Amino acid sequence: MERIQEKLAILADAAKYDVSCASSGSDRKNDTKGLGNAHPGMGICHSYTADGRCVSLLKILLTNVCIYDCAYCVSRKSNDIKRAAFTVQEVVDLTINFYRRNYIEGLFLSSGIFKDPDYTMERLVRVAKKLRTECNFNGYIHLKAIPGASDELMQEAGLYADRLSVNLELPTEAGLKLLAPEKSRPAMIKPIRFLQSEIIRLEDERKVLKKVPKFVPAGQSTQVIVGASGETDMEIMHMASQFYRQFQLKRVYYSGYVPISNDTRLPALHSQVPL
Amino acid sequence: MTTWLYDGSFDGFLSAVFDLYWQKRTDVMIRKEQDHVRGLFENVIFTPTVVANADRVWAGLTKKLSEASLQQLFCCYLSELPGEEDNMVGFIRYVFANEQDVTSDFGNRYVLHVSQVSRKVLREKHRMEAFVRFQLTKDNIYYSLVSPDYNVLPLIARHFKDRYADQYWLIYDERRRFGIYYNLGHVETIRLHFNADYDPYYHSTGNVWAPEEELYQRLWNTYFKEVDIASRRNPRLQLQHMPRRYWKYLTEMRAG
Chain A
151 MERIQEKLAI LADAAKYDVS CASSGSDRKN DTKGLGNAHP GMGICHSYTA
201 DGRCVSLLKI LLTNVCIYDC AYCVSRKSND IKRAAFTVQE VVDLTINFYR
251 RNYIEGLFLS SGIFKDPDYT MERLVRVAKK LRTECNFNGY IHLKAIPGAS
301 DELMQEAGLY ADRLSVNLEL PTEAGLKLLA PEKSRPAMIK PIRFLQSEII
351 RLEDERKVLK KVPKFVPAGQ STQVIVGASG ETDMEIMHMA SQFYRQFQLK
401 RVYYSGYVPI SNDTRLPALH SQVPL
Chain B
519 MTTWLYDGSF DGFLSAVFDL YWQKRTDVMI RKEQDHVRGL FENVIFTPTV
569 VANADRVWAG LTKKLSEASL QQLFCCYLSE LPGEEDNMVG FIRYVFANEQ
619 DVTSDFGNRY VLHVSQVSRK VLREKHRMEA FVRFQLTKDN IYYSLVSPDY
669 NVLPLIARHF KDRYADQYWL IYDERRRFGI YYNLGHVETI RLHFNADYDP
719 YYHSTGNVWA PEEELYQRLW NTYFKEVDIA SRRNPRLQLQ HMPRRYWKYL
769 TEMRAG
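The listed protein sequences correspond, in order, to chains A and B.
Each residue of the first sequence is one higher than the last, beginning at 151 in our numbering.
Each residue of the second sequence is one higher than the last, beginning at 519 in our numbering.
Keep in mind that the hints were calculated from the coordinates and are not lab data.
Some hints could be false.
Each computed DSBU-like pair below joins lysine-lysine, with the alpha-carbon atoms no more than 30 Å apart [unchecked claim]:
hint, chain 1, residue 1, chain 2, residue 2
1, A, Lys280, B, Lys679
2, A, Lys360, B, Lys581
3, A, Lys265, A, Lys279
4, A, Lys327, A, Lys232
5, B, Lys766, A, Lys279
6, B, Lys581, B, Lys679
7, A, Lys280, B, Lys638
8, B, Lys638, A, Lys279
9, B, Lys656, B, Lys581
10, B, Lys743, A, Lys232
11, A, Lys327, A, Lys361
12, A, Lys179, B, Lys542
13, B, Lys656, A, Lys361
14, A, Lys280, B, Lys743
15, B, Lys550, A, Lys179
16, A, Lys179, A, Lys265
17, B, Lys743, A, Lys227
18, A, Lys232, A, Lys265
19, A, Lys279, A, Lys340
20, A, Lys357, A, Lys327
21, B, Lys656, A, Lys183
22, B, Lys743, B, Lys581
23, A, Lys183, B, Lys581
24, A, Lys364, B, Lys638
25, A, Lys360, A, Lys265
26, A, Lys279, A, Lys232
Just so you know, these numbers come straight off a predicted model, no measurement behind them.
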């Protein structure tokens with residue numbers, strides 16, 4: 151097996167528990183005779199895997215090397231798995247070639263945190279920038295916003311991506327403390343708040359200025375894992391409605407926790423996935 | 519009862535409709551020439567296509583119908599269902615007979631029928647937008663083979679033109695034996711003549727495809743396999759979204 155194929159296998163496998171397949175809601179018209187069109191309308195599901203889920207985006211991690219050790223995550227530092235990392239060019243080539251063959255609607259790029267948040271975010275942004283500026287790509291791009299990365303990088307990401315999302319990981323702060331002690335809720339909220347204020351600022355500018363660049367045209371979303379930390383339905387609903395109202399998220403995605411480890415803090419292996 | 523045959527084109531159908539009104543006839547069935555099997559005592563006449571007449575009917579419809587309703591009517595034509603012409607004529611008569619907008623008048627069987635059939639056709643259109651799989655040939659053309667349930671290529675041309683504006687592409691309808699080809703400027707309809715021994719499905723051997731084609735198909739198949747969550751397997755749901763008749767054209771399902 152070639153190295154690129156092996157990498158793709160590892161990094162697609164690592165990203166498959168991330169939900170969010172939406173490829174609609176953006177407004178990026180192909181005016182320049184370039185490649186791709188994310189004009190408003192219906193999203194398209196190009197295929198369906200044997201578990202019945204749709205495939206609409208190339209959903210991969212840039213790398214599954216991670217400095218964090220979150221109990222629920224397959225890419226956690228202490229997990230003994232194969233590690234791999236794409237180069238920026240490899241992700242760009244894969245995206246363009248898959249897109250040209252009508253396999254996908256666009257790219258969903260997430261990453262483990264290597265070195266530090268800024269370093270990681272900078273790589274993600276470089277992929278998006280290259281696609282937009284060098285390849286004249288108008289397809290859908292969804293980037294993960296890495297908590298802790300600088301505002302400048304967030305700002306730049308917003309210029310190239312259709313959607314940004316910050317993972318809240320778990321519905322409650324207590325759960326976060328238990329399972330992902332290195333992460334904190336306030337650190338996650340900071341980029342969400344920053345992006346929201348930027349979206350609003352540019353919307354206001356659009357009312358008076360003619361040419362304002364597109365900024366995250368499909369808005370922000372987030373994702374929480376349900377069923378890992380024993381939270382109640384009410385807590386989840388409260389949290390979701392709070393984020394919808396306060397930060398005008400387009401969507402809160404719920405990912406049913408699929409047991410992946412023997413950690414005693416988590417539901418046992420082979421226990422039922424909450425539906 | 520008389521049967522009028524037209525050449526199978528949409529203009530042909532519309533000019534037959536024009537003649538219906540011109541000759542004030544209500545005892546006529548309109549049928550495609552190529553599909554029609556003549557009855558023993560059937561009275562059959564061929565109506566030639568007059569584009570000017572077709573345009574007049576279409577202009578009349580444009581005044582009464584929204585763009586979406588016009589598309590629905592066109593979808594019925596593309597459905598190619600046997601005898602669909604009767605419903606289309608019924609619909610057109612009903613539209614012209616009424617002053618007000620009748621497109622939501624589902625008590626009328628023709629209006630209801632047009633809405634139902636067009637929904638099926640549009641669903642097939644959406645599926646084709648999803649299930650077309652291009653393969654890069656060595657002449658730098660992205661080539662795809664399909665055989666949709668309905669004749670939806672005219673409906674999807676725009677979508678693919680907007681999306682793949684900078685690449686040559688060709689989508690070929692295997693069943694209806696024509697294709698749409700985009701030459702970086704506009705989309706044209708073409709017909710291919712295959713050699714008798716030609717196998718249109720992908721084979722890594724043969725010198726038709728670009729050298730990197732095999733790699734990207736392999737990568738796509740790898741990706742497709744890896745994103746599946748084995749513990750949540752649900753083949754019924756997969757089948758429901760992606761019926762088996764499409765599989766032979768799907769890179770990832772063909773490999774299976």
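How the hints compare with the structure:
A hinted pair counts as satisfied when its Cα atoms are at most 30 Å apart, and Lys280(A) with Lys679(B) qualifies at roughly 23 Å. For the hint pairing Lys360(A) with Lys581(B), the CA-to-CA distance comes to about 36 Å; that exceeds 30 Å, so the pair is violated. Using a Cα cut-off of 30 Å, the hinted pair Lys265(A) and Lys279(A) holds, with the two alpha carbons roughly 21 Å apart. A threshold of 30 Å between alpha carbons decides the hint, and for Lys327(A) with Lys232(A) the separation of about 27 Å falls inside it, so the pair holds.
Only pairs whose Cα atoms come within 30 Å are accepted, and Lys766(B) paired with Lys279(A) is rejected, the gap being roughly 36 Å. Restraint check for Lys581(B) and Lys679(B): satisfied, since their Cα atoms lie roughly 28 Å apart, inside the 30 Å limit. The straight-line distance between the Cα atoms of Lys280(A) and Lys638(B) is roughly 40 Å, outside the 30 Å bound, and the hint therefore fails. Annotation: proposed proximity of Lys638(B) to Lys279(A) is violated, straight-line Cα distance about 40 Å (limit 30 Å).
Among the hinted pairs, Lys656(B) with Lys581(B) is inconsistent with the structure: their alpha-carbon atoms are about 48 Å apart, more than 30 Å. A threshold of 30 Å between alpha carbons decides the hint, and for Lys743(B) with Lys232(A) the separation of about 17 Å falls inside it, so the pair holds. For the given pair, Lys327(A) sits about 44 Å from Lys361(A) by alpha-carbon distance, which is inconsistent with the 30 Å threshold. Of the supplied pair hints, the one linking Lys179(A) and Lys542(B) is violated, its CA atoms being roughly 48 Å apart against a limit of 30 Å.
Between Lys656(B) and Lys361(A) the alpha-carbon distance is near 42 Å, which puts this suggested pair outside the 30 Å criterion. For the given pair, Lys280(A) sits about 28 Å from Lys743(B) by alpha-carbon distance, which is consistent with the 30 Å threshold. Only pairs whose Cα atoms come within 30 Å are accepted, and Lys550(B) paired with Lys179(A) is rejected, the gap being roughly 39 Å. Simply put, Lys179(A) and Lys265(A) have alpha-carbon atoms about 36 Å apart, too far for the 30 Å limit, and the pair is violated.
About 25 Å separates the Cα atoms of Lys743(B) and Lys227(A), which keeps this hinted pair within 30 Å; it holds. With a C-alpha separation of about 18 Å, the suggested pair Lys232(A) and Lys265(A) falls inside the 30 Å cut-off, and the hint holds. Between Lys279(A) and Lys340(A) the CA atoms are separated by roughly 23 Å; this keeps the pair inside 30 Å, and the hint holds. Straight-line distance between C-alpha atoms of Lys357(A) and Lys327(A) comes to about 43 Å, which puts the hinted pair past the 30 Å bound.
Between Lys656(B) and Lys183(A), the direct Cα distance comes to roughly 23 Å. Compliance with the 30 Å bound is thereby established for this hinted pair. Between the alpha carbons of Lys743(B) and Lys581(B) the distance comes to roughly 52 Å, so the proposed pair goes past 30 Å and is violated. A distance of roughly 34 Å separates the Cα atoms of Lys183(A) and Lys581(B); the hinted pair therefore is violated under the 30 Å criterion. For the given pair, Lys364(A) sits about 36 Å from Lys638(B) by alpha-carbon distance, which is inconsistent with the 30 Å threshold.
In summary, the hint linking Lys360(A) to Lys265(A) is not supported, as the alpha carbons are separated by about 40 Å, beyond the 30 Å threshold. In summary, the hint linking Lys279(A) to Lys232(A) is supported, as the alpha carbons are separated by about 29 Å, within the 30 Å threshold.
Going through the hint list in order, the structure does not satisfy hints 2, 5, 7, 8, 9, 11, 12, 13, 15, 16, 20, 22, 23, 24 and 25.
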